[in-house]
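Once you have looked at the hints, place chain B on chain A.
In order, the protein sequences belong to chains A and B. Under the numbering used here, the first residue of the first sequence is numbered 109, with each subsequent residue one higher. Under the numbering used here, the first residue of the second sequence is numbered 42, with each subsequent residue one higher.
Calculated directly from the structure, the hints in this document are not laboratory data. Fair warning: there could be bad hints in the mix.
[Claimed, not checked] 30 angstroms max Cα-Cα, derived DSBU-like pairs, lysine-lysine: (1) 130(B) x 58(B); (2) 191(A) x 103(B); (3) 130(B) x 191(A); (4) 178(B) x 191(A); (5) 130(B) x 103(B); (6) 161(B) x 103(B); (7) 191(A) x 58(B).
[To be verified] Residues on chain A that point at chain B, a partial pick, calculated with CB under 7 angstroms: (8) 184; (9) 188; (10) 190; (11) 208; (12) 210; (13) 211; (14) 212.
[Claimed, not checked] Taking CB as the label site, the calculated pair distances span: (15) 159(A) x 96(B): 45 to 55 angstroms; (16) 161(B) x 151(A): 25 to 35 angstroms; (17) 81(B) x 224(A): 43 to 53 angstroms; (18) 119(A) x 169(B): 32 to 42 angstroms; (19) 174(B) x 162(A): 36 to 46 angstroms; (20) 76(B) x 144(A): 45 to 55 angstroms; (21) 73(B) x 224(A): 44 to 54 angstroms; (22) 165(B) x 204(A): 16 to 26 angstroms; (23) 205(A) x 68(B): 24 to 34 angstroms; (24) 102(B) x 205(A): 30 to 40 angstroms; (25) 128(A) x 96(B): 18 to 28 angstroms; (26) 163(B) x 203(A): 13 to 23 angstroms.
Just so you know, even glycine gets a beta-carbon here, dropped at the ideal spot from N, CA and C.
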Amino acid sequence: MAKAASVKAPRLALVVHSDVGVLSSFQSALTEKGFVTIVARDLPTALLAITQHYFEVAVVSSRLGEGGDGWPLAGVLHLVFPKAFVAVISPDEPDVLVLQAAINYGAREVFDLSRPAAEVVGSILAQLEIAGNRAASKSSVQ
Amino acid sequence: MLEYKTTPPRDLSMPRKRLLLLVDDETSILQTLRMVFENEGYQVLTAQSCAEALHLLDNGHKFDAVITDLNMEREDIGLEVARAAQRVKPRPAIVIYTGFASIPNSRAALDMGVDYMAHKPVEISELISALNRLISKRAVERFR
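Here chain A stands alone, though its shape is the one from the complex (with noise of 0.2 angstroms):
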């Protein structure tokens, strides 16, 4: 008798920022760690992307038209994708400020944009990890 094969649903990353080369590097280290990389540069693009994919990860620029107009969408994200790793890429250092946003907009994580894509993909999967190994222990004591 024939086995189904077990098809594994792609891991998808979206990625937004209005600056294309930032879009490609982030795509390529992404796209390295097995992610299917949906790329927005824009607001409308991002949120009708959001209507037609379930993404596990999110990288999302904190400026895309204005500066702060970002954080909103990782709100979205946040919101509508509970378990995703969602992280905002700041054009500066994380200020007091900077990380408040980040709390109170539920992202997990906020890097400097000068932080090397691959560095900066490199950190969320480790995170990523720590939080699914923390959950299957969990359910295995259970």
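Quick look at chain B alone, frame taken from chain A:
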């Protein structure tokens, strides 16, 4: 004659009030916030120190939310309240407010998964709306 003791039936039409733990070492702030949140329909328990809050969190209360000041017995001790609240099942929404936000304590709150951070002077209407949103979100997630 036999006497039967029965427990009164729970009135299912009356939803349980949302239970809130408020933690602050300043009595006046605690009383003001208690009044505000009771007016919003919350049932409020208060603690005047981290130790008192940890005792309440360990006592089986099912808090819907915990709101804590950051600096009490010592600097950033509110993070310990937040840490303890995270271990409670089901996990309550966790809100920290402070007049002494710094990069290290804000970073610690973010890493810990604190749900909301308010800087003093706290805008009460924003705090209420954030809390209502966080609690509703949790309720929806439990049914998913």
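Numbered hints the structure breaks, given as an ascending list = The structure conflicts with hints 8, 9, 19, 25, although it agrees with all the remaining ones.
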